[in-house]
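Number of protein chains: 2
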Amino acid sequence: MITEKSHNIVDCTVRDGGLVNNWDFSVDFVQYLYKCLNEAGVDYMEIGYKNSPKLLKGSESSGPWRFLNDDFLQDAIQEKQTTKLSAMVDIGRVDVNDILPREKSLLDLIRVACYIKDVDEALELVRLFHDRGYETTLNIMALSNVKENQLDEAFEMISRSVVDVVYIVDSYGSLMPNDIRNLVKTFRKHLKNKRLGAHMHNNLQLGFANTLTAADNGVELLDSSVYGMGRAAGNCPTELLVAQLRNANYSLRPVLDMIEKYMIPLRDREEWGYLIPYMITGMLGEHPRSAMAFRSSPDKDMALQFYDMLTVPNVNS
Amino acid sequence: MITEKSHNIVDCTVRDGGLVNNWDFSVDFVQYLYKCLNEAGVDYMEIGYKNSPKLLKGSESSGPWRFLNDDFLQDAIQEKQTTKLSAMVDIGRVDVNDILPREKSLLDLIRVACYIKDVDEALELVRLFHDRGYETTLNIMALSNVKENQLDEAFEMISRSVVDVVYIVDSYGSLMPNDIRNLVKTFRKHLKNKRLGAHMHNNLQLGFANTLTAADNGVELLDSSVYGMGRAAGNCPTELLVAQLRNANYSLRPVLDMIEKYMIPLRDREEWGYLIPYMITGMLGEHPRSAMAFRSSPDKDMALQFYDMLTVPNVNS
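Taken in order, these protein sequences are the chains called A and B.
For the record, in the first sequence the residue sitting at position 191 is 191 according to the UniProt record's numbering, with numbers rising by one throughout.
For the record, in the second sequence the residue sitting at position 196 is 196 according to the UniProt record's numbering, with numbers rising by one throughout.
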């Protein structure tokens with residue numbers, strides 16, 4: 001049972017949504033989102049990645065939210081309000097020299113995303129960000145494909161680490177509510193001294209339901225994005241969490257304001273959400289990249305062809 | 001826990017989807033759907049309403065699936081296959097003289113929809129259809145607004161009746177998984193001698209999750225529609241049930257075939273699914289009619305205006 005203030009919403013519209021439009025959000029868009037999330041009472045806004053463009057080839061065309069620069073951020077967010085700011089980094093793509101001490105940055109939280117094999121390296125980064133004063137999370141991606149003994153090893157390292165929050169990430173949108181219940185139980189058992197977070201995708205129309213399931217089982221940090229904007233099938237919609245989370249005190253109206261002003265027009269130009277190729281990769285527990293490529297092809301609505309490509313042996317050979 | 005064959009899928013694409021396009025489905029469409037559902041192993045196909053056009057004024061422009069005629073049905077479905085056929089009737093809109101004995105009809109199941117106040121009248125119809133040889137269900141609509149003592153009275157009548165299956169219907173798409181769990185528990189407790197069914201809507205992106213919750217708690221008949229087609233926010237998608245229901249033996253490929261050939265082009269012409277006005281009526285536990293009218297107006301994307309209309313006192317006076 002959720003008790004008041006035991007959950008925090010982390011809105012990932014800019015960071016995860018940037019995977020849809022190559023982070024081509026205007027400063028006006030991000031400022032308005034920040035205003036609306038503040039008014040709604042949303043706890044965190046993830047305003048982008050803090051990776052280094054030097055470490056990511058071919059990224060010159062990306063918008064500024066992919067490589068957050070602290071000076072740029074100061075200009076964009078002129079007045080810090082109640083909603084805390086978060087940035088994500090990837091193993092091997094972040095230059096630690098770019099990370100200022102927290103008191104010199106607008107950022108409050110740095111989240112380290114990694115695959116299970118890189119947890120040790122991720123925890124070194126976590127230590128460094130922690131020492132510079134930030135709240136930290138560790139987001140283990142692609143959990144649906146992780147073996148139990150790998151997870152056990154990771155739990156040992158994590159429980160000894162300084163990380164504040166450990167995320168259950170359903171990268172492929174393939175997990176069912178019962179899977180979430182079981183994962184939360186496992187994480188809870190092995191990480192008694194850590195808070196938990198959940199980041200769900202909507203391939204099987206379960207983004208919101210899985211996030212609720214996590215919340216009902218004691219997960220505190222709940223990722224979402226406005227109108228569900230995020231890679232492929234997108235995320236748990238912020239508006240649904242804000243409207244329906246029990247014992248919470250969020251305001252829906254400002255989120256609807258953002259949706260009307262920016263998200264509905266944006267959805268006309270960019271695509272995300274429940275579409276059959278994403279449903280198929282979710283069902284198969286695969287990365288959505290094949291589905292994203294297919295949705296960019298002239299055959300994008302040939303549901304059967306895509307299904308056969310992924311399930312019939314040698315259909316393409 | 002679901003055991004094999006304890007659940008049946010009832011595909012409502014034609015009946016509930018007809019509320020979107022005024023039952024303007026071609027015979028080709030319905031024949032192809034029947035073929036695909038058979039190949040998929042879906043248990044029932046609800047092929048329309050069996051109301052009487054004499055009892056429904058202003059319905060002249062509706063397609064034939066709104067007023068199923070047995071001769072027409074024999075022509076349309078030339079060869080009966082494994083998937084059983086179902087029709088729905090409404091209290092006060094059905095002429096019982098239209099209902100042939102089952103052996104002279106292609107229909108196997110007749111479902112009676114009613115509000116809680118009409119349960120007694122509905123059960124009289126059920127008795128009649130039962131005596132003519134049909135399987136029967138009672139679908140109590142708008143459950144979210146029913147008071148406990150009303151439900152208790154209804155349970156008494158229902159448990160003494162001949163009805164085979166009693167449905168939990170989330171007409172407004174306003175129920176959460178925990179509500180479903182509680183409702184199933186209540187229904188189970190009072191209706192020990194009846195099978196249960198679930199019909200969910202997708203206003204809060206919970207159509208599939210709520211149907212799974214019902215199934216996990218022992219509900220046997222699970223309503224859905226292909227690509228989620230149904231009034232307003234639509235239904236639990238058949239493709240997701242077919243793909244993800246545990247211990248089941250359905251085939252997804254034929255459902256994808258139907259989606260590719262008919263549903264994706266249809267969705268380009270007709271609107272259903274998760275849209276903000278439907279989310280708002282779902283959240284407020286209201287009938288979606290105001291949202292449907294709003295989506296037909298030039299202001300259809302003015303999310304805030306719609307929210308204020310429904311929540312701010314006297315905004316329209």
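None of these hints come from the bench; they were simulated from the model.
Just so you know, not all the hints are guaranteed correct.
[To be verified] List time: in silico EDC-like cross-link candidates among lysine to aspartate or glutamate, alpha-carbon distance up to 20 Å:
(1) A/Lys261 to B/Asp299
(2) B/Lys84 to B/Glu153
(3) B/Lys300 to A/Asp216
(4) A/Lys194 to A/Glu135
(5) B/Lys194 to B/Asp257
(6) A/Lys300 to B/Asp131
(7) A/Lys57 to A/Asp28
(8) B/Lys117 to B/Glu153
(9) A/Lys261 to B/Glu121
(10) B/Lys194 to B/Glu260
(11) B/Lys261 to A/Asp268
(12) A/Lys185 to B/Asp216
(13) A/Lys261 to B/Asp301
(14) B/Lys261 to A/Glu260
(15) B/Lys300 to A/Asp299
(16) A/Lys194 to A/Asp268
(17) B/Lys261 to B/Asp301
(18) B/Lys185 to A/Glu135
(19) A/Lys300 to B/Glu153
(20) B/Lys84 to B/Glu121
(21) A/Lys300 to B/Glu121
(22) B/Lys261 to A/Glu148
(23) B/Lys300 to A/Glu135
[Unchecked claim] Here chain B is said to cover these stretches of chain A; the calculated rule only asks that three of the stretch's residues, wherever they fall, bring their Cβ under 8 Å from a Cβ of chain B:
(24) 17 to 30
(25) 71 to 78
(26) 184 to 191
(27) 238 to 252
All C-beta atoms in this analysis are idealised placements derived from N, C-alpha and C, irrespective of residue type, glycine included.
Hint check results:
1. The suggested pairing of A/Lys261 with B/Asp299 holds, with an alpha-carbon distance near 13 Å, which does not exceed 20 Å.
2. The suggested pairing of B/Lys84 with B/Glu153 is violated, with an alpha-carbon distance near 32 Å, which exceeds 20 Å.
3. Distance check on the hinted pair: B/Lys300 and A/Asp216 sit about 34 Å apart at the alpha-carbon level, beyond 20 Å; violated.
4. Using a Cα cut-off of 20 Å, the hinted pair A/Lys194 and A/Glu135 holds, with the two alpha carbons roughly 12 Å apart.
5. Restraint check for B/Lys194 and B/Asp257: the C-alpha separation of about 35 Å exceeds 20 Å, so the hint is violated.
6. Taken as a hint, the A/Lys300 and B/Asp131 pair is broken in the structure, with Cα atoms around 50 Å apart against an allowance of 20 Å.
7. Note on A/Lys57 and A/Asp28: the hinted pairing is violated, with a Cα-Cα distance of about 28 Å set against a maximum of 20 Å.
8. Note on B/Lys117 and B/Glu153: the hinted pairing holds, with a Cα-Cα distance of about 10 Å set against a maximum of 20 Å.
9. Distance restraint check for A/Lys261 and B/Glu121: the Cα-Cα separation of roughly 49 Å exceeds the 20 Å cut-off, and the hinted pair is therefore not satisfied.
10. With a C-alpha separation of about 38 Å, the suggested pair B/Lys194 and B/Glu260 falls outside the 20 Å cut-off, and the hint is violated.
11. For the suggested pair B/Lys261 and A/Asp268, the alpha carbons sit about 24 Å apart, so the restraint of at most 20 Å is broken.
12. Taking the CA atoms of A/Lys185 and B/Asp216, the gap is near 19 Å; set against the 20 Å cutoff, the hint holds.
13. Annotation: proposed proximity of A/Lys261 to B/Asp301 holds, straight-line Cα distance about 9 Å (limit 20 Å).
14. This hinted pair does not check out: B/Lys261 and A/Glu260 have alpha carbons roughly 33 Å apart, beyond 20 Å.
15. Taking the CA atoms of B/Lys300 and A/Asp299, the gap is about 30 Å. The hint is violated against a cut of 20 Å.
16. With a C-alpha separation of about 41 Å, the suggested pairing of A/Lys194 with A/Asp268 is violated against the 20 Å cut-off.
17. Straight-line distance between C-alpha atoms of B/Lys261 and B/Asp301 comes to about 29 Å, which puts the hinted pair past the 20 Å bound.
18. With a C-alpha separation of about 42 Å, the suggested pairing of B/Lys185 with A/Glu135 is violated against the 20 Å cut-off.
19. Restraint check for A/Lys300 and B/Glu153: the C-alpha separation of about 52 Å exceeds 20 Å, so the hint is violated.
20. Restraint check for B/Lys84 and B/Glu121: the C-alpha separation of about 26 Å exceeds 20 Å, so the hint is violated.
21. Of the supplied pair hints, the one linking A/Lys300 and B/Glu121 is violated, its CA atoms being roughly 50 Å apart against a limit of 20 Å.
22. The hinted pair formed by B/Lys261 and A/Glu148 fails the criterion: a straight-line CA distance of about 42 Å is larger than 20 Å.
23. This hinted pair does not check out: B/Lys300 and A/Glu135 have alpha carbons roughly 42 Å apart, beyond 20 Å.
24. Taking a C-beta to C-beta cut-off of 8 Å, the region 17 to 30 of chain A contributes 0 residues in contact with chain B, too few for the three needed, and the coverage statement is violated.
25. Counting residues of the region 71 to 78 of chain A whose CB falls under 8 Å from any CB of chain B gives 0; the rule of at least 3 is not met.
26. Here's how the region 184 to 191 of chain A fares: 0 of its residues keep a CB closer than 8 Å to some CB of chain B, so the rule of at least three is not met and the hint is violated.
27. By the rule of at least three residues with a Cβ nearer than 8 Å to a Cβ of chain B, the coverage given for the region 238 to 252 of chain A holds, with 5 such residues.
In terms of the numbered hints stated before, the structure departs from hints 2, 3, 5, 6, 7, 9, 10, 11, 14, 15, 16, 17, 18, 19, 20, 21, 22, 23, 24, 25 and 26, listed from lowest to highest.
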